[in-house]
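J.: Throw the hints in and build the complete structure from the sequences for me.
Heads up: the sequence lines are chains A and B, in that order.
Each residue of the first sequence is one higher than the one before, starting from 1 at the first, in our numbering.
Each residue of the second sequence is one higher than the one before, starting from 1 at the first, in our numbering.
By construction, these hints were calculated from the structure, which means they are not laboratory data.
As the structure is a computational prediction, the values presented were derived from the model and not from experiment.
Be aware that one or more of the hints could be misleading.
[Unchecked claim] Derived lysine-lysine pairs resembling BS3-like cross-links, with alpha carbons at most 27 Å apart:
| hint | chain 1 | residue 1 | chain 2 | residue 2 |
| --- | --- | --- | --- | --- |
| 1 | B | 213 | A | 80 |
| 2 | B | 92 | A | 116 |
| 3 | A | 93 | B | 112 |
| 4 | B | 167 | A | 116 |
| 5 | A | 116 | B | 124 |
| 6 | A | 23 | B | 216 |
| 7 | A | 21 | B | 213 |
| 8 | A | 23 | A | 41 |
| 9 | B | 189 | A | 21 |
| 10 | A | 136 | B | 213 |
| 11 | B | 112 | A | 28 |
| 12 | B | 167 | B | 216 |
| 13 | B | 216 | A | 111 |
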Amino acid sequence: MTDCISELEISLYIDDELAPKRKKQVEKHLASCPECSKLLKEYESSSHLFDSLKSVAPLSDLEAEIKEGRELKAGCSSEKDISMYIDGELSPKATRALKSHLARCDDCRLKIEELKSASILFRALGLEIPSMEMDKNIIAQANEMLGSKSFPAREAASLAEFSGRSFVFKKLGTIAAAAAVVGLVALKAPVKVVFNSFGGYRNLPVAMSSVGNVPVFYAGDVGIGKKKPVDVPPDAASSLDAVLVSSQIEKKDLKPGSANIVLRFDDISDLEPNEQGKAISRDVIDAFGTIYKKYKVEEVTIWIKTKGTEKPIGVISFDRYGKPIERDWQSIQEKEFSKI
Amino acid sequence: MRNGQGVKSRLPSDGSTSAELAATVPILRVNRNDHSREGLTDTNLVASLRAGNSKAFEVLFYRYRIPIFNLAYRMVGNKEEAQDLTQETFIKVLKGIETYDSERSFFSWLYKVATNVCLDHIRKQNRQPKRSNEEMSIDGNIEVGMTVVDSSVEFIDRKVTQEAVTKALDMLPEHYRLILILRELHGLKYSEIAEIMDVSIYSVQTTLFRARKLFKKEYKKVEELFND
Numbered sequence: 001m002t003d004c005i006s007e008l009e010i011s012l013y014i015d016d017e018l019a020p021k022r023k024k025q026v027e028k029h030l031a032s033c034p035e036c037s038k039l040l041k042e043y044e045s046s047s048h049l050f051d052s053l054k055s056v057a058p059l060s061d062l063e064a065e066i067k068e069g070r071e072l073k074a075g076c077s078s079e080k081d082i083s084m085y086i087d088g089e090l091s092p093k094a095t096r097a098l099k100s101h102l103a104r105c106d107d108c109r110l111k112i113e114e115l116k117s118a119s120i121l122f123r124a125l126g127l128e129i130p131s132m133e134m135d136k137n138i139i140a141q142a143n144e145m146l147g148s149k150s151f152p153a154r155e156a157a158s159l160a161e162f163s164g165r166s167f168v169f170k171k172l173g174t175i176a177a178a179a180a181v182v183g184l185v186a187l188k189a190p191v192k193v194v195f196n197s198f199g200g201y202r203n204l205p206v207a208m209s210s211v212g213n214v215p216v217f218y219a220g221d222v223g224i225g226k227k228k229p230v231d232v233p234p235d236a237a238s239s240l241d242a243v244l245v246s247s248q249i250e251k252k253d254l255k256p257g258s259a260n261i262v263l264r265f266d267d268i269s270d271l272e273p274n275e276q277g278k279a280i281s282r283d284v285i286d287a288f289g290t291i292y293k294k295y296k297v298e299e300v301t302i303w304i305k306t307k308g309t310e311k312p313i314g315v316i317s318f319d320r321y322g323k324p325i326e327r328d329w330q331s332i333q334e335k336e337f338s339k340i
Numbered sequence: 001m002r003n004g005q006g007v008k009s010r011l012p013s014d015g016s017t018s019a020e021l022a023a024t025v026p027i028l029r030v031n032r033n034d035h036s037r038e039g040l041t042d043t044n045l046v047a048s049l050r051a052g053n054s055k056a057f058e059v060l061f062y063r064y065r066i067p068i069f070n071l072a073y074r075m076v077g078n079k080e081e082a083q084d085l086t087q088e089t090f091i092k093v094l095k096g097i098e099t100y101d102s103e104r105s106f107f108s109w110l111y112k113v114a115t116n117v118c119l120d121h122i123r124k125q126n127r128q129p130k131r132s133n134e135e136m137s138i139d140g141n142i143e144v145g146m147t148v149v150d151s152s153v154e155f156i157d158r159k160v161t162q163e164a165v166t167k168a169l170d171m172l173p174e175h176y177r178l179i180l181i182l183r184e185l186h187g188l189k190y191s192e193i194a195e196i197m198d199v200s201i202y203s204v205q206t207t208l209f210r211a212r213k214l215f216k217k218e219y220k221k222v223e224e225l226f227n228d
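T.: Below, the structure is given as structure tokens:
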């Protein structure tokens, strides 16, 4: 007998939303599985409450709303439309209609804020970091599976920077090594953080992983601040840079004992230099604080990556509260950002 | 919002909610477009991996390990299990790397495998995720995203909200939980979700809005419990 049917598929089956092939499989399974048949009956019995509303044609939004048992004021948007609207998935025409409706309808505006507030709740969830143990196991198992097949020289060249670096990573004496969340005690490496940053939003999330032996911070700006200097497409506003980017930093240039942070200005190169500085300084400072507290970094070397090249521009230390020394940051901004 | 009341009033009431939401992007969205300069696109890496290059696997692994792990963790609620599921996912992906349909993006296929691994796992156990107590400790992911100057009040606010959201999510049927995770935490578009879950976009629309409604309901219940 094939695997039992998920509740979702039962729901879809009732709505006749399954692909024909899958539908046949489901029916075949239902014929021989009492549990799934029972589940189907349960779903169907609640569906029956809306039988009188069933139609042969696909459900319009209005019918779907009635089916959900909600009363609509004439012209008001269905909750489903609102749900799609806040996800940016409503058609342009429907979006325009909804927006003009919103101008006149308090109820719908309220509904939108309610749904959005639920979405914002999810932002409270942080990032979990898996253990290095897991990484080791997975890589080891993968290597075993891949055996010792040789690979073309082309791949070797482009991936060379990920292999076999050894670095030194210094931690503060006062903070207990045991407090290191991701086992950095065992690692000795300068840490590189690559930012994709152009906005002013606070609470920059920072998480840490590693590529090969090199720890990499995942960090990123999460959007556009109030002063929106540039129209950045939503895709560019992504918040994680998942891979160590530069192949241009020489090993000798990485300062031992400090974390290296690369700021990418590619996305804001259209801005005036002092606007650039302002645009990123807030969330960079926030991120430094997070990095300091979480990874016990003593000082940070800032690199700038712009127009494809990277260069170090200065060092920032932290005070004993884990705040970056503003003075350091200011002088870097003054010195460097005008050159961009 | 610093009123020390835990889950209530997390948001300013002056209408700036929209701006705040517009300014946020789910923290697990992987930037997949950014690696072309180094030639390390997913496509190139998959090709390289098919040729047996273990370094390619490593890059792909480290690129996606956090999102996949977090997906598993939010689904099953337990770090150890989530790690096992993450391992299972990546190994399955590696096993299938020769044969997967390369018309489809690697990312969407990876997510699909991860999703199925999680759902299968949940199906085999009872429905409720087993949350271990350690997950609610002070140290750990809660620090992520905190500002440099965090008052203890804001700190507690956030921790309580985390717990409440987690509890509410756990009460949902796994498919609702999944779709909320994919949409809200991973920032996937409807078309991507549809591809991953193997359903129509219409189903995504409907399921998502139902999931949101149910989530709100469960969240309110949890809020009430907290405020007792």
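J.: Decide, hint by hint, whether the structure agrees.
T.: Here is what the structure says about each hint:
A distance of roughly 10 Å separates the Cα atoms of residue 213/B and residue 80/A; the hinted pair therefore holds under the 27 Å criterion. At roughly 36 Å between alpha-carbon atoms, residue 92/B and residue 116/A are farther apart than 27 Å, so this suggested pair is violated. Of the pairs offered as hints, the one joining residue 93/A and residue 112/B is violated, with about 32 Å between alpha carbons and a cut-off of 27 Å exceeded. Our distance criterion of 27 Å between C-alpha atoms is met by residue 167/B and residue 116/A, whose separation comes to about 19 Å.
Between the alpha carbons of residue 116/A and residue 124/B the distance comes to roughly 34 Å, so the proposed pair goes past 27 Å and is violated. Of the supplied pair hints, the one linking residue 23/A and residue 216/B is violated, its CA atoms being roughly 32 Å apart against a limit of 27 Å. Under the criterion of a C-alpha separation no larger than 27 Å, the hint pairing residue 21/A with residue 213/B is inconsistent with the structure, at around 31 Å. Only pairs whose Cα atoms come within 27 Å are accepted, and residue 23/A paired with residue 41/A is accepted, the gap being roughly 16 Å.
Restraint check for residue 189/B and residue 21/A: satisfied, since their Cα atoms lie roughly 26 Å apart, inside the 27 Å limit. For the given pair, residue 136/A sits about 41 Å from residue 213/B by alpha-carbon distance, which is inconsistent with the 27 Å threshold. Of the pairs offered as hints, the one joining residue 112/B and residue 28/A holds, with about 24 Å between alpha carbons and a cut-off of 27 Å not exceeded. For a cut-off of 27 Å, the pair hint linking residue 167/B to residue 216/B stands: about 12 Å separates their Cα positions.
Distance hint between residue 216/B and residue 111/A is fulfilled; the C-alpha atoms sit about 12 Å from each other, no more than 27 Å.
Going down the numbered hints, you'll see the structure goes against 2, 3, 5, 6, 7 and 10, while the others check out.
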